[in-house]
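A.B. asks: Take the given structure of chain A and dock chain B to it, following the hints.
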Amino acid sequence: MSRHLTLRTGTAGVAVASLLTLSACGGGADGASAWILTGGGWPAIEDDLERFGEEHEAEIDVEALENDAYKQQIRTAVGSGDAPTLIMSWTGGALLEYVEQERIVPLDGNTGDLENRVYDSVWQNGVVDDTVYAVPLNDVQPVVMYYNQEVLDEHGLSIPETWSDVETIIDTLDDVEDVDAFSLAGGSVWPAFMWLAYLTDRHGGEEAFQAVVEGEEGAWDHESIIWALETIQELGEDGFIGDYNAVDAGQNEDAQLLADGRAAFLLQGSWVYATINQDFPEFADSGNFGFTEFPVLEEGDGDPSNIVGNPANFWSVSSDASEDEQQVAFDYISEHLYNDETVDEMLDAGSLPPLNDIEDRIAGTEAEDFLGFADELVDNANHFQLSWDQAISPSEEQAFGDNLAGILQGNITPQEFVDSMNAQ
Amino acid sequence: MTTTASQDRKVRGQADGKRRQGPTFLMALPAVLFFGLFALVPLVGVFAISFMEWNILGSPSWVALDNWDTVINDRPFTWRALSLTLIFVVGSYLFQAPIALLLGVFMAGEQRYRAFLSVLYFLPLLFSSVAVGLTFQSLLSPYYGISAALPFDWLPSDWLSNSDIVMYVMIFVVGWCFVPFHALLYQAGVRQIPTDMYEAATIDGAGRMRKFFSITLPQLRYTIITSSTLMLVGSLTYFDLIFVLTGGQPQNAVRILPLDMYITGFSANNLGHASVIAVILVTIGLTMSLLLNKFSGSSKMESDKAGA
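Protein chains in written order, with this note's numbering: chain A, 1 to 424; chain B, 1 to 308.
Hints should not be assumed to be uniformly reliable.
Said to hold, decoys possible - Listing some non-contacts, in silico: residues in chain B with all C-beta distances to chain A over 10 Å:
1) Pro23
2) Leu65
3) Asn73
4) Pro76
5) Leu86
6) Val90
7) Leu102
8) Leu140
9) Ile146
10) Pro151
11) Met167
12) Leu184
13) Gln192
14) Asp196
15) Gly207
16) Pro250
As the list claims (entries may be wrong) - Some chain B residues near chain A, calculated using beta-carbon distances under 7 Å:
17) Pro156
18) Asp158
19) Leu160
20) Ser161
21) Phe266
22) Ala268
What the hints assert, rightly or not - Anything over 12 Å on all C-beta distances counts as not near chain B; from chain A, calculated:
23) Ala94
24) Ile170
25) Asp178
26) Phe193
27) Gly218
28) His222
29) Glu253
30) Ala367
31) Leu408
Don't read these hints as lab results, they were simulated from the structure. Remember, it's a predicted structure, so these values are computed and weren't measured experimentally. Virtual Cβ for every residue (Gly too), placed ideally from N, Cα, C.
Next comes chain A alone, as it looks inside the complex:
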């Protein structure tokens, strides 16, 4: 074998080896570790973890990852026993799997008085078989409809309360060049999950998707899901912004399109409120930045108070961590989580911690309007649907994203979508 053949074999081998070279960034030698996300309200969590290190002898080593990268890396890290001490999840299918594989430890007795402080509806997400496996760590994240008042004024539009209002808005903006009704980061696909979830819920109520979560045979083939997919494809024709499939949420382009007045509305998670304030302060301070709830579907069976989103992100403690590391994590959860200073920082950023006494603390904060709106939304909700991609089993997540991308790009039909998902 000549030398450069050896070298090439090596190159191919190294590429393939990436399948096996598992991330080793997880458990540091001493002190606990935690991985968090970037953007949104996460800087407050990073500051909080740092303050914990300053106030205690133990340090928590923090690493911030981008959303998609986190999802792929955490699974590999957990699977290989190299997980950070504190494992963040959205609960749902991933949490169930962690529990099943005994990758995380029960937190009973190590959560201080958190259980009494946190909204029960949120707390229950971290409970599996009557045992606490995960505790909320940040804010309630309902998905809301943001708007640009300047665009609405310019074209004589008002905030849509019903789906026919939405259709009127789309018709009006159809003739306007360079302005569309809804900004959508279709290139990232997941923002479209929110549309699918809301439309299905408004059309058929929460039961439609519940059947999918419970793994009922053929559950995807539901008239409400098909109607929602059809509606998304119709919106793709003239409701969503022209090149929505090229818009990337990782770079906040969808929010930028709203801020620049290229779109009148944006359906996104509550974390985008913080993003817009940080990245597009001119728009945020202009008085044109508004938010409202998802419109009512007149003939739909769904409860119009239902909302979609993430109850919060949750901490679990890795069973692969050493006892010392676990103890640090327990101390952090029971003594430090949601301390006054951090709650204030969250509130200032427009993040709403799911705490029972939070209503009294909203008044007077910088983001008072938004927090009040979000609090009422969550309080009044008959059902809070966890984001679909998190609720389904992790093994279905990739197919779900691929199929919805197919819907957005118009190369599969709604029926093909449900057939493909039923086959998973």
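C.D. replies: Quick look at chain B alone, frame taken from chain A:
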């Protein structure tokens, strides 16, 4: 043929192996260990996992040939990924090779501004692929990229979301990153060509074009083989920029085998299927290298140097 002459070449064949009186095997030990640890061991591991079902979190279970059967017979996408890979490899080669050759020849010249331009051409090689990816992502954005900045209506705005053009965009961006490296190889190759050949040709009345085709190109043939092999095998296993820029979307139009392997393994959490794809990839890569080596005659490479 002498050892000295062949050492001048970047490419060395087997023929001189017998006569080599070089340093002992011991000196190669670190490299061999490194190669074994980071290439051979994972390779064997991947081969083993290709017979198992494993979702990363659970423990792997033996399923014999099930994964192979599924990936090859029941998964139409495998064949689509293969043909996309072929288009990407051939496209990248056709784009990179001529530009790299011409740039390399130019950079080896005597012009006064040459050094300055060479530094500029060389820059893409120094950037990390993720940085390049994010930069191009912004450049190619329909609302905030070049299409919005330039007043040309005929310019497409959906560079990364139009499944008809995204493959060519990828070939261009990846080429942009790798042309400098190959140009460097050619520059070194051209510098090795004895000037007396050109002087003789000038006396015989050969023009610039004639010299390029009759002296430069034939003298560069081993460099061409090296560079071609690296280009072909490199694009066969290429991953990072395509992943950063598209993740395989739209419509999986650029989900070439390495990307397909990653997505199957780490997004769909099916390491068994991903390992089958990985083994297929290694097999194709090795076969291609072996064939290139055989048919290019690098095993009997000789020096063309005057006096060698």
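A.B. asks: Would the stated hint for Asp158/B survive a check requiring a Cβ distance to chain A of less than 7 Å?
C.D. replies: Hint holds; Asp158/B Cβ to chain A Cβ min 5 Å, cut 7 Å.
A.B. asks: Non-interface claim for Ile146/B: all C-beta distances to chain A beyond 10 Å?
C.D. replies: For Ile146/B, whose nearest Cβ neighbour in chain A is about 13 Å away, the distance exceeds 10 Å, so it holds.
A.B. asks: Is the nearest Cβ of chain A still more than 10 Å from the Cβ of Pro250/B?
C.D. replies: violated (5 Å)
A.B. asks: Beyond 10 Å from chain A, beta-carbon-wise, is Leu65/B?
C.D. replies: holds (19 Å)
A.B. asks: Since Gly207/B was said not to touch the interface, does its Cβ keep a gap of more than 10 Å from each Cβ of chain A?
C.D. replies: Holds, since 35 Å exceeds 10 Å.
A.B. asks: Is the Cβ of His222/A more than 12 Å away from each Cβ in chain B?
C.D. replies: Fine: 24 Å to the nearest Cβ keeps His222/A off the interface.
A.B. asks: A cut-off of 12 Å on Cβ-Cβ distance, and Gly218/A was said to be off the interface with chain B. Does that hold?
C.D. replies: holds (21 Å)
A.B. asks: Once the closest CB in chain A is found, is it more than 10 Å from Gln192/B?
C.D. replies: holds (17 Å)
A.B. asks: Taking the shortest Cβ-to-Cβ distance between Asn73/B and chain A, state whether it exceeds 10 Å.
C.D. replies: holds (16 Å)
A.B. asks: Under the criterion of a CB-CB separation shorter than 7 Å, is Ala268/B in contact with chain A as hinted?
C.D. replies: Holds, because the Cβ-Cβ distance from Ala268/B to chain A comes to roughly 4 Å (cut-off 7 Å).
A.B. asks: Minimum Cβ separation between Pro151/B and chain A greater than 10 Å?
C.D. replies: Non-interface label on Pro151/B holds, nearest chain A Cβ at 15 Å vs cutoff 10 Å.
A.B. asks: Identify whether the interface hint at Ser161/B stands, where standing means a beta carbon of chain A within less than 7 Å of its own.
C.D. replies: holds (4 Å)
Hint check: violations occur at hints 8, 16, 17, 23, 25, 29 and 31; the rest are consistent with the structure.
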